[in-house]
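On the provided structure of chain A, position chain B with the ligands as indicated by the hints.
As you go down the protein sequences, you meet chains A and B in turn.
Convert by adding 20 to the 1-based position in the first sequence; the result is the number in our numbering.
Convert by adding 7 to the 1-based position in the second sequence; the result is the number in our numbering.
Bear in mind the hints are in silico, worked out from the structure with no lab data behind them.
Quick reminder that beta carbons are idealized off the backbone N, C-alpha and C, glycines included.
Watch out, some of these pointers could steer you wrong.
[To be verified] Pairwise CB distance ranges, derived in the manner of DEER restraints:
{"#": "1", "chain 1": "A", "residue 1": "Asn-310", "chain 2": "B", "residue 2": "Glu-140", "range": "51 to 61 Å"}
{"#": "2", "chain 1": "A", "residue 1": "Ile-198", "chain 2": "B", "residue 2": "Glu-155", "range": "36 to 46 Å"}
{"#": "3", "chain 1": "A", "residue 1": "Leu-110", "chain 2": "B", "residue 2": "Arg-125", "range": "25 to 35 Å"}
{"#": "4", "chain 1": "A", "residue 1": "Leu-199", "chain 2": "B", "residue 2": "Arg-159", "range": "48 to 58 Å"}
{"#": "5", "chain 1": "A", "residue 1": "Ser-209", "chain 2": "B", "residue 2": "Asn-58", "range": "38 to 48 Å"}
{"#": "6", "chain 1": "B", "residue 1": "Gln-89", "chain 2": "A", "residue 2": "Pro-116", "range": "40 to 50 Å"}
{"#": "7", "chain 1": "B", "residue 1": "Arg-159", "chain 2": "A", "residue 2": "Gly-165", "range": "47 to 57 Å"}
{"#": "8", "chain 1": "B", "residue 1": "Leu-147", "chain 2": "A", "residue 2": "His-182", "range": "22 to 32 Å"}
{"#": "9", "chain 1": "A", "residue 1": "Tyr-139", "chain 2": "B", "residue 2": "Gln-160", "range": "27 to 37 Å"}
{"#": "10", "chain 1": "A", "residue 1": "Leu-140", "chain 2": "B", "residue 2": "Gln-89", "range": "17 to 27 Å"}
[Claimed, not checked] Listed next, the stretches of chain B that the computed footprint assigns to chain A, with coverage defined by at least 3 CB atoms under 8 Å from CB atoms of chain A:
{"#": "11", "stretch": "109-117"}
{"#": "12", "stretch": "121-127"}
{"#": "13", "stretch": "131-142"}
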Amino acid sequence: MNASELKGHALRQFLMDQGVLLAFIALLIFLSFVAPHFVSSNNFFSILTDAAPLVLLALSELMVMLVAGIDLSVGAVAGLTGALAATMMLLGFPWPLALFLALLAATLAGLLQGAIINYLHITDFIATLAGLSIFSSLTLIVTNGEPLNINDNGFNAIGESHILGIPDQVWIAGLMVILVALFLGLSASGAYLYAIGGNRVAAYRAGIRVRRLRSLAYAFSGFSAGLAGVIFAAQLATADPNAGRGDELPAIAAVVIGGVYLFGGRGTVWGALIGALLLSTILDGLVLLNISPFYTELVEGVVILLAVMLGYLKKRGTV
Amino acid sequence: MKSADMAGERAGQAPLLSLRGIGKRFGAVQALRDIDLDIWPGEVLALLGDNGAGKSTLVKIIAGAQAPSTGTMHFNHKAVRQFDPRYARDLGIETLYQDLAVAENLDVAANIFLGRERKRRLLGIFPILARREMRKQSALALQKLAIELPLRQPVGELSGGQRQAVAIARAAYWQAKLVIMDEPTAAIGVGEHSAILHLIQTLAASGVAVILITHTMPDVWQVASRITVLTRGEKALDGNPENLDENTVVKAMLVGKGVAA
Ligand SMILES: Nc1ncnc2c1ncn2[C@@H]1O[C@H](COP(=O)(O)OP(=O)(O)OP(=O)(O)O)[C@@H](O)[C@H]1O
Ligand SMILES: [Mg+2]
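Looking at chain A on its own, in the form it has when it is part of the complex (with noise of 0.2 Å):
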């Protein structure tokens, strides 16, 4: 590759990131214009409040897919996060408490799947495919099916208070991409993720610990999956049931929006951020267009598809 091709690589590249954080901007001016509540009924942070538990979500994929994984079980463990926390409520459990241990579950059910699939060597697609099934059952047998409800009150304060005039949501989901930021840009382990990611081999070599710094993105990515959880019941006072069912889709689409290679070792926590606010907006505004709620796996699809696509074109034009 000579210098202008570079060049022209580097122009790409800008316009390949930037051109999402474009089209979010672009899109938010048509909404405004074509959807009259959007200005009224809408203001900044009803868009990143909306947003915050797919950018939650979009961060644990990022996380796994720099090291070249994948993880299917993200909507589950939310949901069963939710679950957790609700059930332990109505033991009684305080719920700072309450929140702590199923967050710790969460991670805990991160860490499993990232061990099994690291020292038993069973495939990631595999493995978090079962842990989709296995979690979301565990969620329907611990609710009993049902929407269990949650009334207390410092817990669901996290779905409806601020903070300096911020959301609570908006701050966790923010406090998260910042620290998650850091992490990748100025820590050590940070640039083993992406060493990983670029070449496995090369890393173990280098004396990395591969297996459990692939475990340990896993562990992390059930930890994101369920404060996503803990937004979804505080938001609705309710642990519902099917509440994350299916979100692993729009949170592997924001990512890939957002500019993450799909097979390891690039990608940015600004890309996934623009990448969940994009796709969180679009849903949006099927909704704020009257959009029958039948068109909007649809559209999630369709974005996938175009996302994975232009990933590839990128990918070509790099190599």
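Okay, now just chain B with the ligands, sitting in the frame of chain A:
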């Protein structure tokens, strides 16, 4: 320095690396059988053999990337019981693999420091990567070896020879006691080829032991102080290049044991 005077020097000295009865089996394939090998500081040992003879397998064991099925290894007077790349690296063994594993998505500095990053403290507490420092050190290391490379470019966008240079700079930077090079001159240009041979001599002159795997015979007589031939997993020949000619070596590679050294 040739091995004739080396032999005098090493008389009272213990070897840096010492292998006894090393064997390696992959399922039905006996890749290595009963290998004994000693190597002293400052030596350039040319490890020769036909394709599939077991050269890469042997150096992977020395570098801790694979464990032997049988046999023992001593490094610097100590028995090595742990076959782990991290452990080998901490002992002072640097390896340039035949498949040249580099992280193609990372830049030159990140590859040179991979696994051993320089850190500084953010706000006096949090250990974070000292990227600028690593870039500076990398530039110096490359300069010392007279290698010119774009430092910020992902290694995947460099040529094969440039990637090789990154791997060599990595090995040289860390001041190893033993540097293993598995076909470092394969698939690179003439200029880079002689630069690598020169680099091997520089390393050896500073007391580093080098194991060089190559299929290029002239290189052997140019830089090696010792020749070891593997044939179908067995050591077929071990001698001084001054007392050997190419015919004898090639015959040993094909026929195996029993060729007089
Ligand atoms: N991981 C492995 N699994 C199974 N067999 C292996 C493995 N690694 C090497 N072998 C076998 O061991 C034998 C020796 O291979 P090795 O790579 O050490 O040869 P080599 O001397 O380096 O050859 P070349 O000159 O082609 O690089 C071959 O028969 C090879 O097929
Ligand atoms: Mg080989």
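Here is what the structure says about each hint:
1. A:Asn-310 / B:Glu-140: 51 to 61 Å: Check passed, 58 Å falls within 51 to 61 Å.
2. A:Ile-198 / B:Glu-155: 36 to 46 Å: holds (39 Å)
3. A:Leu-110 / B:Arg-125: 25 to 35 Å: violated (52 Å)
4. A:Leu-199 / B:Arg-159: 48 to 58 Å: violated (26 Å)
5. A:Ser-209 / B:Asn-58: 38 to 48 Å: For A:Ser-209 and B:Asn-58 the Cβ distance comes to about 39 Å; the hint holds.
6. B:Gln-89 / A:Pro-116: 40 to 50 Å: The hint (40 to 50 Å, Cβ to Cβ) holds, given that B:Gln-89 and A:Pro-116 are roughly 44 Å apart.
7. B:Arg-159 / A:Gly-165: 47 to 57 Å: For B:Arg-159 and A:Gly-165 the Cβ distance comes to about 56 Å; the hint holds.
8. B:Leu-147 / A:His-182: 22 to 32 Å: Violated - the Cβ-Cβ distance for B:Leu-147 and A:His-182, about 52 Å, lies outside 22 to 32 Å.
9. A:Tyr-139 / B:Gln-160: 27 to 37 Å: The hint (27 to 37 Å, Cβ to Cβ) holds, given that A:Tyr-139 and B:Gln-160 are roughly 35 Å apart.
10. A:Leu-140 / B:Gln-89: 17 to 27 Å: holds (23 Å)
11. 109-117: The restraint on the stretch 109-117 of chain B holds, since 6 of its residues have a Cβ under 8 Å from chain A and three suffice.
12. 121-127: With 5 residues close enough to chain A, the hint holds.
13. 131-142: With 4 residues closer than 8 Å to chain A, the stretch 131-142 of chain B meets the three-residue bar; holds.
Hint compliance for this structure: hints 3, 4 and 8 are broken, all remaining hints hold.
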